[in-house]
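Asker: Residue numbers (my numbering), protein chains in the order written: chain A, 1 to 807; chain B, 1 to 254.
Keep in mind that the hints were calculated from the coordinates and are not lab data. Since the structure is predicted, the reported quantities are computational estimates derived from the model, not experimental observations. In this text, a Cβ means the ideal position worked out from N, Cα and C, and glycines have one as well. Be careful, since some hints might not be right.
[Stated by the list, open to error] If you anchor each label on the Cβ, the simulated ranges turn out as follows:
| no. | chain 1 | residue 1 | chain 2 | residue 2 | range |
| --- | --- | --- | --- | --- | --- |
| 1 | A | R295 | B | L182 | 38 to 48 Å |
| 2 | A | R391 | B | D106 | 49 to 59 Å |
| 3 | B | A194 | A | V348 | 58 to 68 Å |
| 4 | B | R85 | A | W390 | 17 to 27 Å |
| 5 | B | L182 | A | A729 | 26 to 36 Å |
| 6 | A | A314 | B | D144 | 50 to 60 Å |
| 7 | A | V67 | B | R85 | 58 to 68 Å |
Now for the letters of each chain:
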Amino acid sequence: MIAFAMVRHRLRAVLGGLVSLALAVALLSASAIVIASSLPTVPPRYERADVLAVPEAAGTRSDGVTVARAVWTRDEADAMAEEIAASDGVAAAVAERRFDVRVMDGERVLGDAADGAFDGAGWASFGLGGSRMLDGGAPSGADQVVLPASYGRSVGDRVTVLTAGAERPMTVSGVTGGEDVLVSDAVADAAATGVSLIGAVSAPGADTAAAGELVQGVLGPGAEVFTGADRSAMEAESGGSGNWAGQQLLALLGVLAVFVSVFAVGTAFAFQVAVRRRELALLRAVGASPGQVRRMLLGEAALVGIAASLAGAALGAPGAVLLGEWMVGHELLSSSWEVRSVAVPVAVAVLIGVATAVAGVLGASRRAAAVAPLEALRPEAPRSETVPRWRLWAAGAAALAGAALAAATTRGDTGEAIGFALGSSLALAAASAVAAPAYLPRLFALVPGRSPLAELLRAEAAAGARRLAATMLPALLISALAVTVLGLTDTFGAAVDEHSRGEIPGEAMVMGEDGGGLTDAALDRTREHAEGEVFSRLSTGVYVDGRWVESVGLRRDAPPEGTVWASPATAARFGWREGDTVELTWRDGTAGRVPVTIGPFPPELELWAELALSHDLAREHDPGTFTIAAGFDPVDAEALSSALADQGARVEATAQVIDDGIAEELRLMRMFAWIILALSLGYAVVSLADTLSLATSARRRDIALLRVNGVHRWQAAALPAAESGLAAAAGLVLGTLLSLPGLFALTVGLRDDFDPRRGPAEVSVHLPWAELGPLFAACLAIGLLAALVPAARTLRRTPASMAAERE
Amino acid sequence: MNTTPDTARDAIRIHAAVKHHAAGARRVAALDGASLNVREGTFTAIMGPSGSGKSTLLHCAAGLDRPDRGSITVDGVDLGALDERELTEFRRERVGFVFQSYNLLDALTAAQNTLLPARLAGAHAGRRDALDALDLVGLRDRADHRPHQLSGGEQQRVAIARALLARPPVICADEPTGALDLARGRQVLDHLRAAVDVHGRTVLVVTHDPAVAARADRVVFMADGRIADAFGADGAGGLTAEGIAVRMAGLEAT
Numbered sequence: 001m002i003a004f005a006m007v008r009h010r011l012r013a014v015l016g017g018l019v020s021l022a023l024a025v026a027l028l029s030a031s032a033i034v035i036a037s038s039l040p041t042v043p044p045r046y047e048r049a050d051v052l053a054v055p056e057a058a059g060t061r062s063d064g065v066t067v068a069r070a071v072w073t074r075d076e077a078d079a080m081a082e083e084i085a086a087s088d089g090v091a092a093a094v095a096e097r098r099f100d101v102r103v104m105d106g107e108r109v110l111g112d113a114a115d116g117a118f119d120g121a122g123w124a125s126f127g128l129g130g131s132r133m134l135d136g137g138a139p140s141g142a143d144q145v146v147l148p149a150s151y152g153r154s155v156g157d158r159v160t161v162l163t164a165g166a167e168r169p170m171t172v173s174g175v176t177g178g179e180d181v182l183v184s185d186a187v188a189d190a191a192a193t194g195v196s197l198i199g200a201v202s203a204p205g206a207d208t209a210a211a212g213e214l215v216q217g218v219l220g221p222g223a224e225v226f227t228g229a230d231r232s233a234m235e236a237e238s239g240g241s242g243n244w245a246g247q248q249l250l251a252l253l254g255v256l257a258v259f260v261s262v263f264a265v266g267t268a269f270a271f272q273v274a275v276r277r278r279e280l281a282l283l284r285a286v287g288a289s290p291g292q293v294r295r296m297l298l299g300e301a302a303l304v305g306i307a308a309s310l311a312g313a314a315l316g317a318p319g320a321v322l323l324g325e326w327m328v329g330h331e332l333l334s335s336s337w338e339v340r341s342v343a344v345p346v347a348v349a350v351l352i353g354v355a356t357a358v359a360g361v362l363g364a365s366r367r368a369a370a371v372a373p374l375e376a377l378r379p380e381a382p383r384s385e386t387v388p389r390w391r392l393w394a395a396g397a398a399a400l401a402g403a404a405l406a407a408a409t410t411r412g413d414t415g416e417a418i419g420f421a422l423g424s425s426l427a428l429a430a431a432s433a434v435a436a437p438a439y440l441p442r443l444f445a446l447v448p449g450r451s452p453l454a455e456l457l458r459a460e461a462a463a464g465a466r467r468l469a470a471t472m473l474p475a476l477l478i479s480a481l482a483v484t485v486l487g488l489t490d491t492f493g494a495a496v497d498e499h500s501r502g503e504i505p506g507e508a509m510v511m512g513e514d515g516g517g518l519t520d521a522a523l524d525r526t527r528e529h530a531e532g533e534v535f536s537r538l539s540t541g542v543y544v545d546g547r548w549v550e551s552v553g554l555r556r557d558a559p560p561e562g563t564v565w566a567s568p569a570t571a572a573r574f575g576w577r578e579g580d581t582v583e584l585t586w587r588d589g590t591a592g593r594v595p596v597t598i599g600p601f602p603p604e605l606e607l608w609a610e611l612a613l614s615h616d617l618a619r620e621h622d623p624g625t626f627t628i629a630a631g632f633d634p635v636d637a638e639a640l641s642s643a644l645a646d647q648g649a650r651v652e653a654t655a656q657v658i659d660d661g662i663a664e665e666l667r668l669m670r671m672f673a674w675i676i677l678a679l680s681l682g683y684a685v686v687s688l689a690d691t692l693s694l695a696t697s698a699r700r701r702d703i704a705l706l707r708v709n710g711v712h713r714w715q716a717a718a719l720p721a722a723e724s725g726l727a728a729a730a731g732l733v734l735g736t737l738l739s740l741p742g743l744f745a746l747t748v749g750l751r752d753d754f755d756p757r758r759g760p761a762e763v764s765v766h767l768p769w770a771e772l773g774p775l776f777a778a779c780l781a782i783g784l785l786a787a788l789v790p791a792a793r794t795l796r797r798t799p800a801s802m803a804a805e806r807e
Numbered sequence: 001m002n003t004t005p006d007t008a009r010d011a012i013r014i015h016a017a018v019k020h021h022a023a024g025a026r027r028v029a030a031l032d033g034a035s036l037n038v039r040e041g042t043f044t045a046i047m048g049p050s051g052s053g054k055s056t057l058l059h060c061a062a063g064l065d066r067p068d069r070g071s072i073t074v075d076g077v078d079l080g081a082l083d084e085r086e087l088t089e090f091r092r093e094r095v096g097f098v099f100q101s102y103n104l105l106d107a108l109t110a111a112q113n114t115l116l117p118a119r120l121a122g123a124h125a126g127r128r129d130a131l132d133a134l135d136l137v138g139l140r141d142r143a144d145h146r147p148h149q150l151s152g153g154e155q156q157r158v159a160i161a162r163a164l165l166a167r168p169p170v171i172c173a174d175e176p177t178g179a180l181d182l183a184r185g186r187q188v189l190d191h192l193r194a195a196v197d198v199h200g201r202t203v204l205v206v207t208h209d210p211a212v213a214a215r216a217d218r219v220v221f222m223a224d225g226r227i228a229d230a231f232g233a234d235g236a237g238g239l240t241a242e243g244i245a246v247r248m249a250g251l252e253a254t
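With the rest of the complex left out, here is chain A (with noise of 0.2 Å):
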């Protein structure tokens, strides 16, 4: 009864908090929709698949991420696939040829390239997913194919089928509503590396799990099963919906709504207890323990919680499809991304926010409750603002953290080192915000000036530090945020633009039209118009005792044909020396025994391999994989251009190609940056109002006694004006200044991250002041708003009606 009397009684002072925390919880809400709804689900080419099995992890690519699975040998897989088939319960079971595949038109490249999803199957696997032949049928002979409608070619017309190593000729045979481009199957088992993924569809009615079981049977203990809806588990693998940056930006919001709800929330109902104290002293002299204050306080919460979390989530659903229609269109989401889930993840923002709020009022409902009560009968109980020790001991702790953050950002790899910049910086500037109610009236003491204003000004200081500090507080958080993000991003493109030239060999690159490799056959016109050799990485790898090496076929340093190239990292771990003859197994899954030589790695290599192999002995071993890219010196780029046409390909500048790459990273990195700044932006605005206007109403007395003892109006207002743009200045200066410790440190870290034939990197700090300019004017042109739209409107009354007003 009495939390909800006084939450109605005091709606407007919550306001703010019950804005911010709406605000928060509908971001919340909305990344969380957006965030269900592209959680990965089957495949649909594996959809009427009731089992899929691959072989067990073997490690991971370059990335660093993508799983590299063993690899079964094709009579190996076939055998299996026919036992699972054979069995009760099963209707068909597949052993799956998946290849690189480009189907041209002439010298136009078929397909939507958005997705990247060119993947070339065996007839076979049709069965295994979920699309329905539009037109057509299968395809009989080496002569046909099966195109997805979103090629837009009819039954009858004719292709060139590109695949790695050949160049086919081939009729539309049908047309389905899929991804795939399918052929029959023994141009399937030529053009593919190996068997990757075994699918069995159960009879009409049998238990998939017993099916499940069954194929684990079969297959042994070093496959990996998945039934039901575990089967997503391969979406992740295929690479249909795993955009990295999206995921970020997603998670990154989550984040930035849960932080701003805790503070918000925390803020707002922190001062409440400041400001409200004389209420809560009346309800503890009357008789409320203080236990029952707190429940009180954070039965507030709760309500408060409840209201914005409810009015959050119902901005949510409408606020996740605008998001996610502009993640899409800035290619942060797979295109057919569209509002899958709803309930679930609106219901936990909503649970996040309730609690949030009542996580963000523990801390203030225990000040309540050591409210005394006789603090009830002062009228204006000066409480004395010493600074308690705990601040000073997080502010050390925060500070310490910060130091040591920077000392790491030195030293770890460049995405590590961004992590750590950033969070120096946050570290650095929470120290100076848990600190502030300690040195802000110092600062403000130094303010010059005889008149009584100047002296009202220090004075007012040296008794509202708290006041002060959370008016200083969004300044800081946005100063701190901005320098930091902005300043790395551009610090590290500059470095980036500077150094980064001559890692790729060559004037020229040759790429596929479509984001996708180079058919060996685009190679062999390279090498025909290049002068010496071409600089080309065809991504592949080996297994030494089970365990997958990253390796790469190389024409330009390739290794003598039949031989290997070891990195000293890659001897040392497996134990091999110069000239020894190793076993090892093919990407196929054949075994085989090569002499290994050991050298570094050049640059461009050590990123990308842990053994190097020729073009020729890596495209024996692994006929399916389309090449990466060639680096190269052109002798007629004009003609080569003409006859890369029909093969998917065409030829780029390098500097351009590296501008472009540059160019994407910073957009966004800008992007984000920027998200996160708007974000702050407006935290800093519904706060600041809070903040001030909370402080303005529970200093109305004193203003009032200023106009009665003389003061002019103008004077009024300026005072408050004066202190909070002094304090968003003080907030800016704070936080620009404790982002640099970060950014210089990463001009250290940085320096080691390039080619280091050429030394360590000169790398400067780059602050985007045209940017910051705006920003910092708009911070203190809020500051000072904040600060005048409340005394305005107080003292728009009379004098004498504010002073005589109750409280």
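Position chain B against the provided structure of chain A, taking the given hints into account.
Answerer: Quick look at chain B alone, frame taken from chain A:
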């Protein structure tokens, strides 16, 4: 809580209470060995110059504050033996309060404010009890008004209704008429007097106003944290405002 028979006739026993306040670096003795016994069913006024310790004495007697030394027994309960929770429960069950101002929570209506201590105690008090209590102070028709819709005197009377509702043996009031005009102040005093005469409560009032003290059974003067003088026969009355003013002026002159 122990109730001992020998204290039964004294509603409040304060023995050698000492209380220091920290004022900046200095320590100020608000109570310096004050002792006072208040008989059950009487109206006692505490007077004295500013800083004489009268409010501190009242707060200690009401369980709002604790003395540094000395003992306080109210309604047979030794307050020194209670922890914070027990002290809170003691307050809401055995003491009613009326302050000079700021008695009521703005968020609650007059009736809700009246019921607050009982509700906090988890008692089965309902709207009818609130209306009965408000009836005693002549405010039944204002039950659903919020404090800002009531005059200062009406607010004080709501506070008295609140103090009466839980039927506490002791009612403490700190300058209950300080913010009121004469007529309204008299009304408030009438209700406090009735609490003693009709309901048999013990009332302890801190005041500057000789006219308020004149309605008491007994007047206690404080100076420098001790009881300096006391007069008026228990239950007899017969004090005049003039007599009190003269006597107080004489005390302050010494």
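Asker: Do the beta carbons of V67 of chain A and R85 of chain B sit within 58 to 68 Å of each other?
Answerer: holds (59 Å)
Asker: Holds or violated: the 17 to 27 Å window for the beta-carbon distance between R85 of chain B and W390 of chain A?
Answerer: Roughly 25 Å apart at Cβ, these two residues keep to the hinted range, so it holds.
Asker: For the range 58 to 68 Å, tell me whether the beta carbons of A194 of chain B and V348 of chain A fit it or not.
Answerer: holds (60 Å)
Asker: Hint says 38 to 48 Å; check whether the CB-CB distance for R295 of chain A and L182 of chain B agrees.
Answerer: With Cβ atoms ~43 Å apart, the hint holds.
Asker: Quick one: are R391 of chain A and D106 of chain B within 49 to 59 Å, going by C-beta?
Answerer: Once the Cβ atoms are compared, 32 Å apart, the range 49 to 59 Å for D106 of chain B and R391 of chain A is violated.
Asker: Can the suggested window of 26 to 36 Å be confirmed for the beta-carbon pair L182 of chain B and A729 of chain A?
Answerer: violated (55 Å)
Asker: Using the C-beta atoms of A314 of chain A and D144 of chain B, is the stated range 50 to 60 Å upheld?
Answerer: Violated, at about 33 Å.
Checked against the numbered hints given earlier, the structure breaks hints 2, 5, 6 and satisfies all the rest.
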